[in-house]
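**Student:** Below, each chain spelled out in residue letters.
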Amino acid sequence: MDSDLSPQDKKDLDKFIKFFALKTVQVIVQARLGEKICTRSSSSPTGSDWFNLAIKDIPEVTHEAKKALAGQLPGIGRSMCVEISLKTSEGDSMELETWCLEMNEKCDKDIKVSYTVYNRLSLLLKSLLAITRVTPAYKLSRKQGHDYVILYRIYFGEVQLTGLGEGFQTVRVGVVGTPVGTITLSCAYRTNLAFMSTRQFERTAPIMGIIIDHFVERPFGNMGHMHPCNYRAPAEEEGGYTGVEDSQEVCTTSFSTSPPSQVRTPPNLVFNFYIRLLKKRKYGPFPLQVTTASLDLPFAAFAPRAYDIEENDPMVSQQIICHFKSPATSSPLQGSLHSQGSGESGVPAQDDFVMVDFKPAFSKDDLLPMDLGTFYREFQNPPQLASLTIDVSSQSMAEDLDSLPEKLAVYEKNIDEFDAFVDTLQ
Amino acid sequence: MNCRSEVLEVSVEGRQVDEAMLALVHTILLHRSTGKFHYKKEGTYSIGTVGTQDIDCDFIDFSFVRVSSDELDRVIRKAVGEFKDAMGNGTDGMGQISLEFYQKKKSRWPFSDECIPWEVWSIKVNVVNLANEQERQICREKVGEKLGEKVINIVEVINRHEYLPKMPTQSEVDNVFDTSLKDVQPYLYKITFQITDTLGTSVSTTMRRLIKDTLAL
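Each protein sequence line maps, in turn, to chains D and W. Residue 145 in numbering that gives the first Met the number 0 sits at position 146 of the first sequence, and the numbers go up by one each step. Residue 132 in numbering that gives the first Met the number 0 sits at position 133 of the second sequence, and the numbers go up by one each step.
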């Protein structure tokens, strides 16, 4: 098989495959860092940009990839895999996808190595860039932060897909034929994102390869300072890693907030919203009575001031008392939140709590519907216009008719004004 | 040589038209652009470097990668903007953007250069109007998923490694590549569009273009 290839071509091909593998790993890991990637085009070739693409080399990632390859190249029966998984703050983890760089036996003897193979590998890397933004793990990785992080693991050898759960899908990124075999790049990704218990994911360390743990001592302690900017751009084509620490505490991922809905939110983000039904009368548009002065709410100034309810007003059927509880303090607001004008003060028993879903239109999240809900209810019950409350019934028809001539005289007197007004309208 | 023709279809809401078109056109151009060629004395050439950039859509749950070239982006945005304007605002309708890659074949006087397409991408767009915010939210996600599928389709076609124009010599480079940009070099391409109104009759800008082309001597 190899005898047809000139020594120079063989050497070139090996080099291309090696650097293709390294760049593939870089593209995949960088696509899961959780941030947007941007590299500059350059019209003058610098000689260090493999495959004519500006792909930065994160030294730690190159280091791990080289460790996994251990001097070998992806070949027939020897696949290079990058496994992407998610790990929560509670230690549960889940494999999301596995990218496989494989080679099969189908050879293309006539293909030109230094030209066609190189250009097709470049095209394949571009396809990889596009596809890494399309699989489900991309969106998850963009939202990683307080509740979970995305990890990667590189291994060499046989492809392991069992951790992806049932019904995983495969997308083929592309193939490139070479004189020694056909390189294929594909991704198998999990479709069943239902969370499983830790026990199912306790597994032995892989035979080859390592888990890159991106945590420091306290997982999710303070993620704000963990930034991907702690790598240097490569000076030479080798990726330029000097002085890379072997410590597993090296972190190159960045974190952002907004956790996914399936994962439990940590306690410091919990708002408990209690609504009590004190008088179980018929519902209707009801005024929200909360003294918001002591609440640190946005739009607190717009919440209605508590006003008197008539004891016998049939429309007032509910009083709403909001508790905003943070675990650090034990609801300091509790005492001040009783509505005024209510005959029944005092905190009712826990049993009286009823969770009512208000969900005003356009309200984006359910944590604080109150401000929008308040506004919504306010404008449903606007105060009457002063001009409409004139007691018209007191004026009789006869009186109306009598006053007409007077009115007409006034209008005739001002006829010039009216004409001028009409002129302005034309 | 036969021209390869690929069709992609998407249904989007009015305000998603721009981003959906940009996403697909840029994905195709990413694969059909190289770095700038620098020819050397011995007839060899070196190729510049193409940078890439992640773009997040505002009205669609989707992100895509484009070539890092503001110049190219401006050209594409302008074309997509014209398409969007032609589609009208707030009305249902169907339209099609065609991204055509071609080669120029120089002819002898008095004939003008021929433009021979070798790959045509037709992106059919169906614009729908949605009634409320909830539907729009669902649409954001659905269109995002659909665009993901289209990107996979595009990549599938590209990776068949079918016909590509031969790498040209220095004198021929303008017949194969668009060398007008400073930082990247896409294959020669043109973007045209066609609007179909809701009755299904065709308001053909294509006809106009054909006539213009034949008359341009």
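Each hint should be verified, as a subset may be incorrect.
[Said to hold, decoys possible] Below are the SDA-like pairs computed for lysine to any residue, each with C-alpha atoms no more than 25 angstroms apart in a straight line:
#1 W:Lys-39 x D:Ser-113
#2 W:Lys-40 x D:Asp-8
#3 D:Lys-111 x W:Arg-159
#4 D:Lys-138 x W:Gln-133
#5 W:Lys-39 x D:Thr-115
#6 D:Lys-138 x W:Gln-136
#7 D:Lys-111 x W:Gln-133
#8 D:Lys-17 x D:Ala-187
#9 D:Lys-105 x W:Asn-152
#10 W:Lys-181 x D:Thr-38
[Claimed, not checked] Selected chain W positions facing chain D (Cβ under 7 angstroms, derived; list incomplete):
#11 Thr-43
#12 Ile-46
#13 Gly-50
#14 Gln-52
#15 Leu-180
#16 Asp-182
#17 Val-183
It should be emphasised that the hints constitute simulated quantities derived from the structure, not laboratory data. We put the beta carbon where it would ideally sit given N, CA and C, even for glycine.
**Student:** Is the hint on Gln-52 of chain W kept, meaning its closest Cβ partner in chain D is under 7 angstroms away?
**Tutor:** Where the cut-off is 7 angstroms and the nearest Cβ of chain D is about 5 angstroms from Gln-52 of chain W, the hint holds.
**Student:** Does the alpha-carbon distance linking Lys-111 of chain D and Arg-159 of chain W stay inside the 25 angstroms limit?
**Tutor:** 17 angstroms, holds
**Student:** Taking 7 angstroms as the limit, does the beta-carbon of Gly-50 of chain W come near enough to a beta-carbon in chain D?
**Tutor:** 4 angstroms, holds
**Student:** So if I understand the rule, the pair passes when the alpha-carbon distance is 25 angstroms or less; does Lys-138 of chain D with Gln-133 of chain W pass?
**Tutor:** Cα-Cα ~21 angstroms, so holds.
**Student:** Does Leu-180 of chain W hold up as a contact with chain D if the rule is Cβ-Cβ below 7 angstroms?
**Tutor:** Because about 9 angstroms separates Leu-180 of chain W from the closest Cβ in chain D, which is outside the 7 angstroms limit, the hint is violated.
**Student:** Taken at face value, is the distance from the CA of Ala-187 of chain D to the CA of Lys-17 of chain D at most 25 angstroms?
**Tutor:** 22 angstroms, holds
**Student:** Lys-181 of chain W and Thr-38 of chain D were given as a pair; does the straight-line alpha-carbon distance stay at or below 25 angstroms?
**Tutor:** 16 angstroms, holds
**Student:** Going by Cβ atoms only, is Thr-43 of chain W closer than 7 angstroms to chain D?
**Tutor:** 11 angstroms, violated
**Student:** Please verify whether Lys-40 of chain W and Asp-8 of chain D have alpha carbons no more than 25 angstroms apart.
**Tutor:** Holds, at about 24 angstroms.
**Student:** Holds or violated: Lys-105 of chain D and Asn-152 of chain W, Cα atoms, limit 25 angstroms.
**Tutor:** 24 angstroms, holds
**Student:** Would the pair Lys-39 of chain W and Ser-113 of chain D pass a check requiring their Cα atoms to be no farther apart than 25 angstroms?
**Tutor:** 18 angstroms, holds
**Student:** Would the pair Lys-39 of chain W and Thr-115 of chain D pass a check requiring their Cα atoms to be no farther apart than 25 angstroms?
**Tutor:** 20 angstroms, holds
Hint violations for this structure: numbers 7, 11 and 15, all remaining hints satisfied.
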